[in-house]
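**Student:** Order-wise, the sequence lines are chains A and B. Every letter in the first sequence is one number past the one before it in numbering that gives the first Met the number 0, and letter 138, counting from 1, is 137. Every letter in the second sequence is one number past the one before it in numbering that gives the first Met the number 0, and letter 200, counting from 1, is 199.
Honestly, I wouldn't trust all of these hints.
For lysine-lysine, the following DSS-like pairs were computed, each having C-alpha atoms within a straight-line distance of at most 25 angstroms [claimed, not checked]:
#1 A:Lys131 - A:Lys104
#2 B:Lys107 - A:Lys131
#3 A:Lys131 - B:Lys260
#4 A:Lys131 - B:Lys291
#5 B:Lys206 - A:Lys71
#6 A:Lys114 - A:Lys131
#7 A:Lys109 - B:Lys213
Calculated Cβ distances over 12 angstroms to all of chain B for the following chain A residues [unchecked claim]:
#8 Ser50
#9 Gly74
#10 Gly121
#11 Gly164
#12 Asp167
#13 Arg207
#14 Ala213
#15 Val218
Just a few of them, taken from the derived set where beta-carbon distance is under 7 angstroms, the chain B residues facing chain A [unchecked claim]:
#16 Met113
#17 Leu117
#18 Asp203
#19 Ser204
#20 Lys206
#21 Ala207
#22 Asn209
#23 Pro222
#24 Trp299
#25 Asn301
Treat the hints as calculated values from the structure; they're not laboratory data. The C-beta atom is built at its ideal place from N, Cα and C for all residues, glycine as well.
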Amino acid sequence: MTKIRLENVSYAYEDRGAALPAVEGINISVHEGEFVSIIGPSGCGKSTLLSLLAGLSFPSAGCIFIDGQVIKGTGPDRGLVFQHYSLFPWMTARQNIVFGIRQVKKSTGKKTIEKIADEYLGLVGLRDFAHKYPLQLSGGMQQRVAIARAFAMNPRVLLMDEPFGALDAKNRVVLQEVLLKLWDNGSEKKTVIFVTHDIDEAVLLSDRIMVMSARPGTVVREVPVEFARPRDRAALIGSEEYAGLRNKMVSLFYDDVLQKIGGSEVAL
Amino acid sequence: MKKLFNLANIGFLLLLLLEIIPSRRNDTGPFFLLVLVVSIQVLYLLILAVSGDDDKRTAAGDITAIIYALIFSWELFTTKLDILDQMLFPAPGIIVSLFITDLPVLLKGFADSMELLLAGYLLALAFAIPLALVIGWRKRLYNAVNPLTKVLGPIPPIVYIPYAIGLLPTFMISSIFIIFVGAFWPIFINTLNGVFNIEKRIIDSAKALNVSEKTMLFEIILPGALPAIISGSTIGLVLAFILLTAAEMIGATSGLGWYVKYFSDFADYSRVIVGIIFIGMVVTAITYVFNKIEVYLLRWRN
Ligand SMILES: Nc1ncnc2c1ncn2[C@@H]1O[C@H](COP(=O)(O)OP(=O)(O)OP(=O)(O)O)[C@@H](O)[C@H]1O
Ligand SMILES: [Mg+2]
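Please model the complete structure; the sequences and the hints are all you need to start from.
**Tutor:** Right, dumping it as structure tokens:
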């Protein structure tokens, strides 16, 4: 079933009266429970696209549908995890999660909400850090809390903008596993849109990868990833199929860049 | 050994030795000066005993030494050598003795002053913060009000004093009004800027969590602007205190500012100095409490 559909979506930033197109003519659809990655060069409009999906801004042209309805702003059906840590610094890890849950479960009692928060803190391995403020946590820990908050709110759609972009390689792998575990935890899978710069990350996590190009910022290719789940990271990385897909992605990703250099758009 | 012969302890000993030298002024015996010096030394030793932090102990020692140096030269040039004017430069012992005898008057003045200060200052907090939160959050209001604050904010609030006294029926109401106006602007302007400067990321995060307008204002914007609110409130408090004493000097019949002004009219400079020192102690105590509150409220910052 189609969960999200974009029809000819364009968005332009306003800059001193002039319109700066950031994304143009995007047509995609995403199934319920699908894990879709978006990759593309810096500045191609990935974050812009995500904030349109979140309802933080509205398309200049075209329409975004969720469950067949045009979106009219932010909603509890969508959770957002930003590229840069988006916790509230004056709330402890636990308070951040409690705050999130309270926004979707207005009538639930305090005790119940705190129990849910602790459960999710446990799931991301931060039970002992419940009462720490974000500034007392490392970047990786903060991002775990942000992910725990997003999942604890139990939205149907999860929008993630380079959530692991600022982490070291080890933390990145750990959090990828945490994310997959939360996504595929037995109940109905959430629909995930995951922006990344990292080709391996995209291949390992996704059901489908959308490749964007810059100027105009639009989706140029959609590549299905058909490896069985749950995926065994080590075995997969050694396999020929993986290497084949990875090479294909690398050439797609860099073709765009090389073309630009060849076409003298980049001054050398 | 080194611990024993630090600057503070040497200062203490020198002051004790100074009292052996015969005095030229005979207006007071060594008793009150010794009371002062011994109290300072006891306080210093208490701090040494309580504090675990080496830097803090060193600082306490240095500060004590500086205070001793001041008292030493003060005592030396007044009581011992008598080369300063007796009326303008009373001996430290006299100040201490007057401080003790006048303490009831000073405490009453303190209570009266605090009443005015708290009334004006709390009113300023209660109006400035909510108003600035709402105005800072509404772009259109902000664009209209911000230029106005640039004109009204910098007017030195002292200039309102004569007008307020003429306009309002009692001294009490007019001083509360003046303190209110003086404290209002720094709190208001800082809060406004604080709201305006909250990171977009934080606002977007809150929006993405789908918060209500009320939650946004009180659980996101308010704590987000809190560092700015507190720095505005500190400036507001200092201004409130200045205005309080200024108003009391003009029209009051009690209070800290009144005490200083009243005795300076009689050229009783000993009591003027007592008043100044007492005001200094009050301000220090208030600032101390204020800092504790600030540290608690901003405990989430590193
Ligand atoms: N607030 C803004 N005002 C004006 N232009 C903007 C604004 N935000 C982004 N842009 C422009 O829109 C384009 C797309 O930006 P966007 O942040 O969506 O890219 P991105 O793909 O997320 O990049 P990155 O991978 O570096 O995060 C860029 O050209 C950028 O300069
Ligand atoms: Mg981005």
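**Student:** For each hint, tell me whether it holds in the structure or not.
**Tutor:** Verification of the hints:
Distance hint between Lys131 (chain A) and Lys104 (chain A) is fulfilled; the C-alpha atoms sit about 24 angstroms from each other, no more than 25 angstroms. Restraint check for Lys107 (chain B) and Lys131 (chain A): not satisfied, since their Cα atoms lie roughly 45 angstroms apart, outside the 25 angstroms limit. Distance hint between Lys131 (chain A) and Lys260 (chain B) is unfulfilled; the C-alpha atoms sit about 52 angstroms from each other, more than 25 angstroms. With a C-alpha separation of about 20 angstroms, the suggested pairing of Lys131 (chain A) with Lys291 (chain B) holds against the 25 angstroms cut-off.
For the hint linking Lys206 (chain B) to Lys71 (chain A), the alpha-carbon distance of about 13 angstroms falls within 25 angstroms, and the restraint holds. Taking the CA atoms of Lys114 (chain A) and Lys131 (chain A), the gap is near 17 angstroms; set against the 25 angstroms cutoff, the hint holds. Distance restraint check for Lys109 (chain A) and Lys213 (chain B): the Cα-Cα separation of roughly 19 angstroms lies within the 25 angstroms cut-off, and the hinted pair is therefore satisfied. With a minimum CB-CB distance of about 8 angstroms to chain B, Ser50 (chain A) fails to clear the 12 angstroms threshold, and the non-interface call is violated.
Listed as outside the interface, Gly74 (chain A) is inconsistent with that label: its C-beta sits roughly 6 angstroms from the nearest C-beta of chain B, within the 12 angstroms cut-off. For Gly121 (chain A), the requirement that its beta carbon stay farther than 12 angstroms from each beta carbon of chain B is met, with the minimum near 22 angstroms. With a closest Cβ-Cβ approach of about 14 angstroms to chain B, Gly164 (chain A) is found to remain outside the 12 angstroms limit, as its non-interface label requires. Listed as outside the interface, Asp167 (chain A) is consistent with that label: its C-beta sits roughly 21 angstroms from the nearest C-beta of chain B, beyond the 12 angstroms cut-off.
With a minimum CB-CB distance of about 24 angstroms to chain B, Arg207 (chain A) clears the 12 angstroms threshold, and the non-interface call stands. Consistency note on Ala213 (chain A): stated as away from chain B, and its beta-carbon is indeed over 12 angstroms from all of that chain's, at 23 angstroms minimum. Non-interface status of Val218 (chain A) relative to chain B is upheld: no Cβ of that chain comes within 12 angstroms, the nearest being about 23 angstroms off. Below 7 angstroms, beta-carbon pairs count as interface contacts, and Met113 (chain B) has none with chain A, the closest being about 30 angstroms; its hint is therefore violated.
For Leu117 (chain B), the suggested interface contact is broken, since its CB lies about 27 angstroms from the closest CB of chain A, more than 7 angstroms. For Asp203 (chain B), the interface hint holds, the least distance from its beta-carbon to any beta-carbon of chain A being 6 angstroms, beneath 7 angstroms. With its C-beta approaching chain A no nearer than about 4 angstroms, Ser204 (chain B) sits inside the 7 angstroms limit, and its interface hint holds. Against a cut-off of 7 angstroms between C-beta atoms, the interface hint on Lys206 (chain B) holds, since the closest Cβ of chain A lies about 5 angstroms away.
At about 4 angstroms, the closest approach between the beta carbon of Ala207 (chain B) and any beta carbon in chain A falls short of 7 angstroms, and the interface hint on this residue holds. Hint status for Asn209 (chain B) relative to chain A: holds, with the closest Cβ pair at about 5 angstroms, below 7 angstroms. The closest approach between the C-beta of Pro222 (chain B) and any C-beta of chain A is roughly 4 angstroms, which is under the 7 angstroms cut-off, so the hint is satisfied. Hint status for Trp299 (chain B) relative to chain A: holds, with the closest Cβ pair at about 4 angstroms, below 7 angstroms.
This hint holds: Asn301 (chain B) has a C-beta 5 angstroms from the nearest C-beta of chain A, less than the 7 angstroms allowed.
Violated hints, listed in ascending order, are 2, 3, 8, 9, 16, 17; each of the other numbered hints is respected by the structure.
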